[in-house]
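When you get a sec, could you build the whole thing from the sequences and use the hints?
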Amino acid sequence: MRTILRLLASRFVVVVVALMMVLGLPMASLPVQAADASDYRAASSFSRSHEYRLGAVSEQTEATSLGTAAASIQSDDFNSCTLDPRWEFINPLNDGTVTTNGTQVLLSVPEGISHNVFDAGIPAPRIMQMVSDTDFEIVVKFESEMAHRFQVQGIIIEQDIEPGAEDFIRFDYYHDGTNYHVFALSVRNGVPLSQIDVIVTPSGTDSYLKIQRAGNVWTESYSFDNVHYTSRNFTLTTPFTVTKVGLFAANHGSATIPAHTAVIDYFFNTAAPIVKEDGKPTTLTTKVDPPGAGTVTLIDPAGQTNFACGDQITLSAASTNGLLFNGWSGATTSTANPVTFAYEMGAVVTANFVQTQNQNLLYLPLITKN
0 MRTILRLLAS RFVVVVVALM MVLGLPMASL PVQAADASDY RAASSFSRSH
50 EYRLGAVSEQ TEATSLGTAA ASIQSDDFNS CTLDPRWEFI NPLNDGTVTT
100 NGTQVLLSVP EGISHNVFDA GIPAPRIMQM VSDTDFEIVV KFESEMAHRF
150 QVQGIIIEQD IEPGAEDFIR FDYYHDGTNY HVFALSVRNG VPLSQIDVIV
200 TPSGTDSYLK IQRAGNVWTE SYSFDNVHYT SRNFTLTTPF TVTKVGLFAA
250 NHGSATIPAH TAVIDYFFNT AAPIVKEDGK PTTLTTKVDP PGAGTVTLID
300 PAGQTNFACG DQITLSAAST NGLLFNGWSG ATTSTANPVT FAYEMGAVVT
350 ANFVQTQNQN LLYLPLITKN
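By numbering that gives the first Met the number 0, the letter at position 79 of the sequence shown is numbered 78, and the numbering carries on one by one without gaps.
These are computed hints drawn from the structure, not numbers from a lab.
It is possible that some hints are incorrect.
Unchecked claim - FRET-style restraints, in silico, Cβ to Cβ:
#	residue 1	residue 2	range
1	Q311	H180	11 to 21 Å
2	T237	H147	34 to 44 Å
3	N305	G329	14 to 24 Å
4	P84	P280	44 to 54 Å
5	P272	P84	43 to 53 Å
6	V226	V197	13 to 23 Å
7	N320	I273	13 to 23 Å
8	V190	A341	46 to 56 Å
9	V353	S71	23 to 33 Å
10	L297	P191	48 to 58 Å
11	T332	R231	46 to 56 Å
12	T96	H180	18 to 28 Å
13	G120	L235	15 to 25 Å
14	T296	N225	41 to 51 Å
Where a beta carbon is used, it is the ideal one built from N, C-alpha and C, also for glycine.
Right, dumping it as structure tokens:
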């Protein structure tokens with residue numbers, strides 16, 4: 000009997016709820032049947048963290064970020080005639096330069112002006128990429144030799160920089176006029192703290208720096224053959240939130256300030272290196288579309304098979320079966336024939352041909368009136 004009454008009561012509630020919804024009446028005072036205790040336990044096992052704000056609306060959850068996350072560190076062997084867009088060239092004094100030659104990137108500072116990366120911020124020209132704040136290991140190969148006092152080349156790690164307070168860590172080689180040094184310096188709120196300063200003896204012009212970050216522990220390793228590395232490490236006493244990683248060239252001095260060009264062969268994230276470094280060929284590949292529709296001839300420089308960045312290339316296309324030349328694609332997108340363009344590493348150029356449209360002509364007799 001009790002079961003029947005409960006069934007009737009529940010059906011009555013459903014009918015009343017449905018009727019009130021149709022009539023648009025408020026339902027706050029309706030009795031609600033309590034759920035079993037196990038239902039509450041199941042619901043409470045799902046946890047999330049939310050924050051809602053009126054005005055500037057924001058929602059934060061444990062698993063979702065509304066901002067655009069920075070990418071992991073991207074490797075680059077600079078095997079291109081232009082700097083990859085992942086890099087931002089920062090030139091605070093507007094006197095530095097960055098160039099690429101197909102296998103290296105070159106960062107230069109002029110003589111006579113100090114670009115000292117110390118307590119006054121980062122006046123040195125540099126290339127930086129946005130990264131996420133995670134542990135990492137990077138290795139950089141420098142192919143430039145230093146011979147003058149306070150020539151500097153290295154790696155720089157930046158935290159979010161607020162006006163008047165630049166936070167960064169620099170890892171580098173510098174020359175003291177007699178010896179090479181491996182150096183590391185952390186700057187927090189404009190206060191410099193030397194972490195590593197070791198005299199080293201290079202062998203040859205090539206030098207390598209490997210930087211490993213594990214939480215607040217930073218390890219700087221150096222090598223001159225990329226096989227045998229010597230390591231030094233230090234621990235920062237306050238957290239450091241990494242936002243940018245990159246390369247810089249600098250100089251300093253009192254009586255004389257030397258110019259310097261840092262030549263970098265590659266910058267690798269050791270978790271995702273470029274397996275075949277400088278893999279793009281220095282040759283030019285030409286194609287015809289559709290195959291067999293025509294020929295492509297290298298007019299200038301005639302007979303050359305290997306090229307350098309910026310070399311001026313002139314090509315001409317000719318049809319072999321009556322098709323119509325329809326322009327170039329690939330390294331150049333011109334419709335000119337012949338065409339001249341600047342060479343890019345591994346350039347591929349295609350000459351495109353199309354069928355000519357058939358024209359049906361009606362010939363009428365010519366009638367003249369005498």
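Tested hints:
For Q311 and H180, the hinted distance range of 11 to 21 Å is not satisfied, since their beta carbons lie about 43 Å from each other. T237 and H147 have their C-beta atoms about 35 Å apart, which keeps the hinted 34 to 44 Å range intact. In this structure the supplied range 14 to 24 Å holds for N305 paired with G329, their Cβ-Cβ distance being about 18 Å. At about 22 Å, the beta-carbon gap between P84 and P280 misses the expected band of 44 to 54 Å.
A beta carbon spacing of about 20 Å between P272 and P84 contradicts the range 43 to 53 Å that was offered as a hint. Checked against the given bound of 13 to 23 Å, the beta carbons of V226 and V197, roughly 19 Å apart, stay inside it. As the Cβ distance of N320 to I273 is approximately 42 Å, the hint placing it in 13 to 23 Å is violated. Between V190 and A341 the beta carbon distance is about 47 Å. The supplied range of 46 to 56 Å therefore holds.
Remark: the range hint 23 to 33 Å for V353 to S71 is contradicted by a beta-carbon distance near 44 Å. Separation of L297 from P191 is about 56 Å and conforms to the stated range, judged on CB atoms against 48 to 58 Å. Between T332 and R231 the Cβ separation comes to about 51 Å, which falls inside the hinted range of 46 to 56 Å. Range check, T96 to H180: about 25 Å between beta-carbon atoms, so the 18 to 28 Å window is met.
Our hint of 15 to 25 Å for G120 and L235 holds, since their Cβ atoms are close to 19 Å apart. Distance hint check: the CB atoms of T296 and N225 are about 43 Å apart, consistent with the given range 41 to 51 Å.
The structure shown violates the earlier hints numbered 1, 4, 5, 7 and 9.
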